[in-house]
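All chains should be modelled from the sequences, with the hints used to inform the complete structure.
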Amino acid sequence: MSDLTLSAPTRRRPLVLRHPSVLVFLVVLALFTLGVTLLSEGIGLGVISTSFIKTLGKTLCFCLVALAMDLVWGYCGILSLGHMAFFGLGGYAIGMWLMYERTRRIIVDSLATAELPATPQEISDGIASQIFGVVGASDFPPIWAFAHSLPLQLAAVIVAPGLLALVFGWLAFRSRVTGVYLSILTQAMTLALALYLFQNDSGLRGNNGLSGLQNLPGLDLVPQSTVSLWFFWASALALGAGYLFCAWLVSGKFGSVIRAIRDDETRVRFLGYPVEGFKLVVFTLTAILAGIAGALYYPQAGIINPAEVAPIASIYLAVWVAIGGRGRLYGAVIGAAFVSLLSSWFTGGQAPDLKIGSLHIQWVDWWTVLLGLSFVAVTLFAPKGIGGLVDLAARIKSPNRHGADLGPGAGALREREADE
Amino acid sequence: MTTLLEVSGVSVSFDGFKAINNLSFRIAEGELRAVIGPNGAGKTTFMDIVTGKTRPNEGRVTYGEKSVSLLALSESRIAQMGIGRKFQRPTVFEDQSVADNLMMALKKDRNPLAVLLFRPKAADHARVEALAGEIGLADALHRKSGELSHGQKQWLEIGMLLAQEPRLLLVDEPAAGMTLAEREHTTDLLKQAAKTRAVVVVEHDMDFVRRLDCKVTVLHEGSVLAEGSLDHVTQNEQVIEVYLGR
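Quick mapping for you: the protein sequence lines, in order, are chains D and B.
All residue numbers for the first sequence refer to this note's numbering, where the first residue is 1 and numbers rise by one.
All residue numbers for the second sequence refer to this note's numbering, where the first residue is 1001 and numbers rise by one.
Treat the hints as calculated values from the structure; they're not laboratory data.
Incorrect hints may have been included.
[Said to hold, decoys possible] Computed cross-link-like contacts, PhoX-like style, restricted to lysine-lysine with a CA-CA straight-line distance of at most 20 Å:
(1) B:LYS1195 to B:LYS1215
(2) D:LYS384 to B:LYS1144
(3) D:LYS253 to B:LYS1107
[Unchecked claim] A few chain B residues that don't get close to chain D, going by computed Cβ distances all over 12 Å:
(4) THR1003
(5) SER1013
(6) GLY1016
(7) ASN1021
(8) GLY1059
(9) PHE1093
(10) SER1097
(11) ALA1193
(12) THR1196
(13) ARG1210
(14) LYS1215
(15) LEU1225
(16) ASP1231
(17) ILE1240
No residue lacks a Cβ here, since even glycine has one placed at the ideal position from N, Cα and C.
Shown next, in the form of structure tokens:
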């Protein structure tokens, strides 16, 4: 093989050089973060309000969970319609600590004026009745066992979604459930989780959910304008790191294999790859990514309740990724940012109403209709989504060989014959 | 020569239809074998059984020196043990380059973590290039495999099989839809492959089988009708009756 002169890359260049889009993305994200910070109310010029900083921070979290969705759907071909369940679990995990710790400080302060110093039992009872009074309970459910510890609840942000995904994925993939059946199963999973959380005795305050999450315990003196920036930066950092991680994951042979699984799972099996194992790894990793995104999102939203993990949330997630362009990481980010910002504009009542004849279109109600129509339109006419525009700009087109014969000679198989 | 694969007394039925009926088949290490038979003779089902895609209702399939039973193993496990399979229609990953396709097929650790941490070395790139040269795709290394012609896709698939370094290669109708020149190249590739491993070729085309110049097994209604050289089996009266129709 010495006579082969084809250039074999003996030294691998860094990831960002092999994939310029990663570098472009990171630079854009950094500039965006810097720009927003400079214009913010907290430490900048004050052009951007604190509530809009929060909206932007939440949007970055959506972008992160959309990355996860793109990895599992766009790259590995698993149309999971349950990834917002993992997002919600991450939110609940961090919310438990935020709520516990804040309530504890309030209780301790209020008992400080008592004549006798409060016993730990009194404090614990006080916190429990404060938190669970709304659902008529006054004891801590077992799942709150670690709520006093920030490190343990941070671990739960990763462990809870990861474990659920691992168990669910193991059962589903092992039975070779694929395609639309798997999608339905994931919908059932997120619906079951939502229904469970809606119960008052689920231990997570039923439909009240966890609230007051925007207040960081012990930092009451720090204004929200500053806290919002902290979370905005953290979200931007997480998105950047998540993007790098995903780009690394899909760049090498692992990426090759999962895209191959998406395109022809059976063939990959005959190559000797344990397809189920690969799917499980991707499913679990993306669930963890979704959990991290959720843990950053809900402190900015301030409240989490079971409606957040309702099946529709996961469907929206799929719509974002489809509109942005699946199978490319920046597509997912663009889709999530574009659609969720547009959504908050339309549903925020800022969009002007439209009068067509007798039809009076108020966007607060009609936005979902518009979103649904755009989803159908993208699926039918522009399957590559917004990200496909990049290809147009770069004039990269995959050749359309439909109708051409499959071989070089006139006697070769025709496409029609080959499909039979 | 030692037996590499032994299929004995295997039967499979789909909804009452016996696709394979008490089939017994044996192939030695490094042997080239052609399997012929009319449509519905059970040629593809036979391959499905060996590669673990279909579980037989009865019978035994054993493989290797230790005569490991293949019946309880998953498809990927069987492939890892050294049984490669080429499908009737070329199935390459069209979205990926020729080099990526070959790199994926190279014989390496297949578990997810090992794959995640795998970074190709110079030797791996050289092996991919050598394989591409062997199958006549050295110039197309960085083209998307979806852009290749039908014949080139077939070769790429054969190249991927060679990259797997299997001990037993099952090839389903490799010459379908190929031009004469492409067929000749394919015959050479298969004969070359059979020098270092056992190869079973399922084929319709008699000229192609003649060019392979090897022992032939004739299947009919799910069992072996005749076995021997091509001249021997084509003189067999039963074979003439059911297959050649003369």
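Structure versus earlier hints, numbers of those that do not hold, lowest first
Structure breaks hints 9, 10.
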